[in-house]
Amino acid sequence: MDFSKNKPIYLQIYDLICERILNDEFRSGDRVVSVRELGIELGVNPNTVMRSFERLQNKGIIATKRGIGFYVCENAREMILEEQKTEFLETEVPEFFKKMEMYGISFEDLIKLKDNR
Amino acid sequence: MIKINNLDFAYKNTQVFRRISLEFQKGNIYGLLGENGVGKTTLLKLICGLQKPQHGEVTVDGFVPSERKPEFLQNVYFLPEEVITEDTTPEKFIKKTGVFYPRYDYELFNKLMKELEVDLNKKFNELSHGQKKKALLACAMSLKTDYLFLDEPTNGLDIPSKALFRKVISQYCNDETTVIISTHQVKDVENLIDPIVILDRDDVLLNASFSQITEKIFFEYGPERLDNAYYTEMLPGGYINVMRNVNNEESNINIEALFNAVMKNKETIKNLMK
Amino acid sequence: MNNTLNINRLGKVIKYDGASFFHNLSLTLIILWAIPVALWLIASLTPNDGHMEAYMRISMIESLTKILLILTPAALYKSCNDARKGIGYAMMPASALEKFISMVFYCAIAAPIVYIAGALAVDSILALFGGPYEGFAIAGYFNQYEQIRNVFETNMMMNPEEFDKYTSMMTPAWIIFSDIFSVLMLSSIFMFGNMIFKKRKTGKMIGIIVLLIILFLIVFVNYVTNHRTMFTYMDADNAEEIIKRFIYIMIRVAFVVEIVISVVMLWLTYFKIKTQKY
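Residue numbers (our numbering), protein chains in the order written: chain C, 1 to 117; chain V, 1 to 274; chain B, 1 to 278.
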């Protein structure tokens with residue numbers, strides 16, 4: 001995996017797991033790959049991976065069970081989508097508006113574009 | 001835990017450390033950085049007991065390293081930078097060495113040698129520099145000591161081996177281990193080392209984890225050079241500005257830029273991180 | 001955990017050091033074994049039918065053993081005080097005492113035993129061929145003094161009763177005991193030399209010994225010339241008596257000196273292993 005340079009690694013690993021959950025690689029109730037395994041796979045400090053997992057746990061996307069380790073929570077998918085939607089609305093949409101303004105694109109243009117698809 | 005308290009050390013007439021104090025906590029992979037000749041290797045030698053402090057204390061889990069007690073030594077392995085060419089095969093070497101280490105794992109040695117693609121029946125002096133280095137790494141890891149000190153471990157490794165090295169070290173680490181990697185090839189160990197220790201001539205400039213660093217320092221990747229930055233460097237597609245984290249934002253550490261920023265603002269950053 | 005001496009761990013050190021014993025010493029051993037063979041060949045090929053008596057061969061083997069004792073420490077433990085190559089030795093999880101015992105075992109016990117056993121075997125085989133070597137060399141060991149006595153006697157240098165008086169202490173037990181200490185002394189001197197010098201270890205140690213001997217002789221000669229009065233009563237009649245008494249004392253002094261030097265050198269070697277910095 002290639003890490004991008006402007007986001008902390010632990011957040012990038014967080015995103016990676018969310019992506020794997022959305023791709024159904026890990027389904028709800030499934031055991032998630034262990035911190036160790038993921039650290040080895042990525043060649044990353046296990047403590048960094050642990051930090052990603054802690055964040056996932058705090059967000060309620062994964063939880064621990066004795067003897068199993070981390071597993072995917074029931075409504076993980078919805079929560080991830082909800083979080084990504086918020087992020088989309090909060091960061092990408094304002095950026096998008098800024099660019100529309102810059103290039104002089106109106107909402108009508110956008111609707112036309114959508115209808116033509 | 002490794003505790004260094006008020007350490008003074010000098011070779012004949014060159015002072016290396018002057019009253020330095022620092023700690024290494026277990027469960028971490030430390031990156032030991034510093035320019036050539038600041039004493040990275042000497043610090044590792046002091047922790048291993050190969051050298052003795054002139055003043056101050058070094059203790060490792062309560063042991064005084066320079067006493068070189070077997071109980072201490074069997075839990076420590078130091079892989080020096082210079083590859084020593086034992087006139088024997090890695091296989092024979094690990095078999096006679098492993099018996100001293102309580103957690104020595106021959107299967108792991110075999111597995112690592114396979115993963116690193118080293119011929120275990122060739123003598124060390126018949127192997128290429130990179131192969132020797134890999135063979136010695138496999139030996140070091142299969143001893144499974146809690147303390148593992150690697151001096152410039154990626155020197156001489158090819159690109160696939162470097163990636164493999166990171167995986168192997170990540171695998172090595174657990175809650176009880178303390179790995180210290182001394183290097184100036186920061187790129188090779190990026191994402192692997194955390195915390196970072198930066199040494200300077202007779203001083204320690206930084207000893208902080210990534211989260212402690214990002215709390216105080218912000219790495220801005222943008223289109224322009226910022227004047228108030230500690231350090232600015234051109235990267236492909238823009239600039240990286242190392243600055244004070246005033247807005248409490250999280251950013252991704254670029255170790256090279258951090259190192260340069262620290263070297264340019266020694267006292268400022270030392271005080272900032274206090 | 002016993003951090004000073006643990007038999008199990010000592011066994012591991014001995015095994016570790018032993019792994020390279022023959023590898024590092026084979027060439028030296030072979031050369032030193034070949035010398036008696038070469039002499040035998042030369043003696044066989046030359047026309048005069050000179051015999052080499054057992055006691056002469058045993059003293060040759062003894063001399064060659066001494067050469068081996070001088071060469072062994074550097075051959076086996078050359079890198080153990082090297083700033084780079086010695087790190088592995090220093091970090092080996094065993095105590096300084098265990099490493100020291102193993103070193104003494106290989107340099108002062110295993111190496112000479114292996115050499116002497118081999119040399120006696122070679123000598124016995126050569127003796128079976130007949131020719132210049134007659135009888136087994138080992139037979140000459142305990143009667144070396146008897147042989148010397150015969151030489152003295154036949155050359156009228158000293159009458160046999162007197163010779164016996166001065167060598168009365170040289171019983172077989174004493175011979176073995178004094179040989180053990182001369183082995184230990186020589187070996188310990190060069191073990192210590194191996195620990196203190198980084199390069200040309202053996203050569204430097206030999207140089208130091210030669211210097212010390214020269215220094216001793218200078219002091220001794222000086223003393224004798226300055227205290228000439230002490231020796232003035234020495235005339236033709238009692239000179240022999242004085243020399244004999246001197247030999248009598250020297251044999252005993254040498255024995256004590258051997259023991260003292262061995263102990264000091266061994267202790268210094270141990271201390272160096274324990275405190276060597278890298």
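Derived by calculation from the structure, the hints in this document are not laboratory data. A portion of the hints provided could be inaccurate.
Below, simulated PhoX-like cross-link-like pairs (lysine-lysine); rule was C-alpha separation at most 20 Å, straight line [said to hold, decoys possible]: (1) V/K69 with B/K277; (2) B/K198 with V/K12; (3) V/K95 with B/K277; (4) V/K95 with B/K12; (5) V/K144 with B/K201; (6) B/K277 with V/K12; (7) B/K12 with V/K96; (8) B/K274 with V/K95; (9) B/K198 with V/K122; (10) V/K216 with C/K7; (11) V/K69 with B/K198; (12) V/K52 with B/K272; (13) B/K85 with V/K123; (14) B/K198 with V/K92; (15) V/K96 with B/K78; (16) C/K5 with V/K187; (17) B/K272 with V/K12; (18) V/K92 with B/K272; (19) V/K111 with V/K162; (20) V/K96 with B/K198; (21) V/K52 with B/K12; (22) C/K5 with V/K216; (23) V/K52 with B/K15.
Verification of the supplied hints:
1. V/K69 with B/K277: holds (15 Å)
2. B/K198 with V/K12: holds (17 Å)
3. V/K95 with B/K277: violated (26 Å)
4. V/K95 with B/K12: holds (11 Å)
5. V/K144 with B/K201: Judged against 20 Å, a Cα distance of about 36 Å means the pair is violated.
6. B/K277 with V/K12: This hinted pair holds, its Cα atoms lying about 13 Å apart.
7. B/K12 with V/K96: holds (8 Å)
8. B/K274 with V/K95: violated (25 Å)
9. B/K198 with V/K122: At roughly 29 Å apart (the allowed maximum being 20 Å), V/K122 and B/K198 break the hint.
10. V/K216 with C/K7: Measuring from Cα to Cα gives roughly 16 Å; hence the hint holds.
11. V/K69 with B/K198: violated (25 Å)
12. V/K52 with B/K272: Given that 20 Å is the threshold and the Cα spacing comes to 14 Å, the pair holds.
13. B/K85 with V/K123: Distance of about 16 Å is within 20 Å: holds.
14. B/K198 with V/K92: violated (27 Å)
15. V/K96 with B/K78: holds (19 Å)
16. C/K5 with V/K187: Given that 20 Å is the threshold and the Cα spacing comes to 13 Å, the pair holds.
17. B/K272 with V/K12: OK: B/K272 and V/K12 at ~19 Å, within 20 Å.
18. V/K92 with B/K272: violated (28 Å)
19. V/K111 with V/K162: holds (17 Å)
20. V/K96 with B/K198: violated (25 Å)
21. V/K52 with B/K12: violated (27 Å)
22. C/K5 with V/K216: The hint holds at about 18 Å.
23. V/K52 with B/K15: violated (29 Å)
The earlier numbered hints that this structure contradicts are 3, 5, 8, 9, 11, 14, 18, 20, 21, 23.
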